[in-house]
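Undergrad: Please model the entire structure based on the sequences and the hints provided.
Chains as they are written, first to last, in this note's numbering: chain W, 1 to 474; chain V, 1 to 77.
There's no promise every hint is true.
What the hints assert, rightly or not - Label pairs and their calculated CB-CB ranges: (1) V:A60 - W:T81: 48 to 56 Å; (2) V:E28 - W:A124: 46 to 54 Å; (3) W:A125 - V:D8: 23 to 31 Å; (4) V:E28 - W:R430: 49 to 57 Å; (5) V:A74 - W:D49: 58 to 66 Å.
Said to hold, decoys possible - Reference excerpt, derived from the structure (chain W facing chain V, CB under 8 Å, subset only): (6) L82; (7) S145; (8) L153; (9) V155; (10) E160; (11) L162; (12) L166; (13) C190; (14) Q261; (15) Q265; (16) R275; (17) R283.
Bear in mind the hints are in silico, worked out from the structure with no lab data behind them.
For glycine and all other residues, C-beta sits at the position ideal for the given N, C-alpha and C.
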Amino acid sequence: MSGRIFGVGELIREINATLAGSFAEVWLRGELSGVKVAASGHRYFQVKDAEGQLSCAMWAPRADRLRFKLTDGLAVLLHGTLEVYPQRGSLQLIVAEVVPQGIGELQLAFDQLKAKLEADGLFAAERKRPLPELPLRLGLVTSPSGAAVRDVLKVLSRWERLSVLLYPVRVQGKGSEGEVARAVRYLGRCGLVDVLLVVRGGGSLEDLWAFNEEVVARAIAACPVPVISGVGHEVDFTIADFAADIRAATPTQAAELVVAQLERQQRRVDDAQARLYAVIEHRVDRARLRLQGLEGARGLASLPARVSELKERLRRLAALPALLRAVVAVRHRRLDGAIAVLYRWPVRFGAPRRRELVTARLAVAAERLRALVQARGLTLAGAERALGALSPEAVLKRGYSVTVREGGDAPLRDAAEVHGGERLITTLARGRLRSVVLGRVGDQSSLFVETEDGNRGQGKVDREERGDDGGVEQ
Amino acid sequence: MTKESFEDALAQLEEVVARLEDSSVGLEEALRLFERGVKLARRCRTQLGAVERRVEQLLAEAPEGQEPTTAPFAPEE
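TA: Printed below as a string of structure tokens:
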């Protein structure tokens with residue numbers, strides 16, 4: 001072979017043939033740098049480690065199938081073939097596969113898309129819409145078979161009156177992301193639903209992948225009606241979850257949220273209505289009680305009794321001055337009678353001289369007596385006025401009493417009104433006496449009436465009530 | 001049957017109740033509020049039950065404004 005002269009292209013072809021034999025398939029570990037996407041769609045980059053670097057090319061058809069993006073600094077395992085690029089004479093790795101190192105490729109793709117959509121503002125909190133106040137018409141995007149749709153419908157059956165429009169889609173496998181995105185777009189715009197449930201049962205990250213595709217995330221974010229996502233299990237977060245208005249942990253929980261909202265609204269209506277009725281019942285009861293109070297035993301019905309009681313008290317009060325006047329008048333009469341006797345007596349029995357003397361003395365005595373009685377009368381008149389303003393109780397306390405016939409209510413003023421054997425009720429300052437009239441006593445101009453003390457059983461105790469008016473005896 | 005009118009009626013109902021619970025409201029006014037509350041509660045209930053129970057699956061989309069083709073749906077057991 002020595003001394004053979006190669007053309008450049010010929011040498012490169014020879015090298016490439018040798019490389020293809022010795023390095024048919026190379027696995028190379030390194031870190032990406034200088035990643036470029038050419039207009040053709042081919043990716044060009046360097047792979048390097050601490051000791052060296054190598055140019056790489058990945059043709060568009062293969063590169064486009066990657067779920068993640070090639071980025072600078074990414075630790076990778078590259079699989080490909082080595083060749084010298086004839087036009088530059090440089091060695092390069094034609095990359096067939098890229099396997100991310102330290103992190104799964106799906107996770108990587110997930111992280112990358114998430115970061116991208118986040119930067120686009122798709123997940124912003126201010127974009128999130130609350131559940132509709134009344135989510136009665138539901139759009140459901142999921143597979144028509146499988147556990148998810150069953151779980152959702154089972155929970156939704158708790159609310160009798162709601163409608164479900166299922167847009168059946170495949171939820172995994174090639175092209176499933178396009179179906180999901182299309183279903184979300186259609187249901188969002190058809191005007192037939194208040195809220196959208198995008199759900200799928202549990203599975204591997206691979207299984208759930210349709211919900212980590214950008215097209216699904218964008219369809220959800222752009223949906224005119226609020227979207228609840230419920231994909232996989234509690235631990236599974238998908239890009240769809242981030243794009244949705246509300247993320248439910250599972251399909252069941254997505255349905256629960258809807259039913260809970262309806263139940264909450266129902267409860268608010270029930271509560272408000274219960275309070276409404278309670279308050280009005282309370283108000284009406286109160287009004288009824290007041291009315292009953294006015295009409296009832298302690299109110300209107302007792303009014304006549306109270307009025308007559310008051311009238312009786314007034315009448316007794318009014319009767320007292322008359323009683324007192326009667327007392328004074330009677331005493332005047334008795335006095336006059338006594339004086340007349342005195343005047344007559346010396347005329348009948350005395351000598352003329354002595355008679356004059358006695359008459360003069362008697363006249364003086366009579367005047368003094370008159371003056372005395374007059375003074376008493378004035379005192380009584382004053383007392384009368386004072387008593388007029390006092391309660392009957394106070395009057396009674398002074399020692400007066402009021403006597404009526406048993407069963408009657410007119411105070412007795414004249415002993416002539418009363419016959420022996422009649423029963424009387426006498427009201428004293430303390431307590432009342434029931435008595436039987438034994439008969440009238442002596443002079444009928446007198447006030448003195450003999451009464452029987454009813455308080456002491458059958459014991460008959462005569463009790464004379466007399467005024468002490470200055471010692472004039474009859 | 002929009003969500004606004006439900007929320008609106010419910011909010012009004014809750015306000016009516018709150019005013020009614022204020023004991024300084026006279027009996028006449030209380031009865032007027034009560035009547036209004038009953039109407040609002042009825043409106044809320046009507047809306048809560050406004051939708052017929054239906055579970056359907058879409059068979060074919062329709063252009064905007066037209067009803068899609070649907071069929072009753074029951075999940076396989």
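Undergrad: Would you mind marking each hint as holding or not holding in the structure?
TA: We went through each hint and held it up to the structure:
no.	hint	verdict
1	V:A60 - W:T81: 48 to 56 Å	holds (49 Å)
2	V:E28 - W:A124: 46 to 54 Å	holds (52 Å)
3	W:A125 - V:D8: 23 to 31 Å	holds (27 Å)
4	V:E28 - W:R430: 49 to 57 Å	holds (52 Å)
5	V:A74 - W:D49: 58 to 66 Å	holds (60 Å)
6	L82	violated (52 Å)
7	S145	holds (6 Å)
8	L153	holds (6 Å)
9	V155	violated (12 Å)
10	E160	holds (6 Å)
11	L162	holds (6 Å)
12	L166	holds (4 Å)
13	C190	holds (7 Å)
14	Q261	violated (11 Å)
15	Q265	holds (6 Å)
16	R275	holds (5 Å)
17	R283	holds (5 Å)
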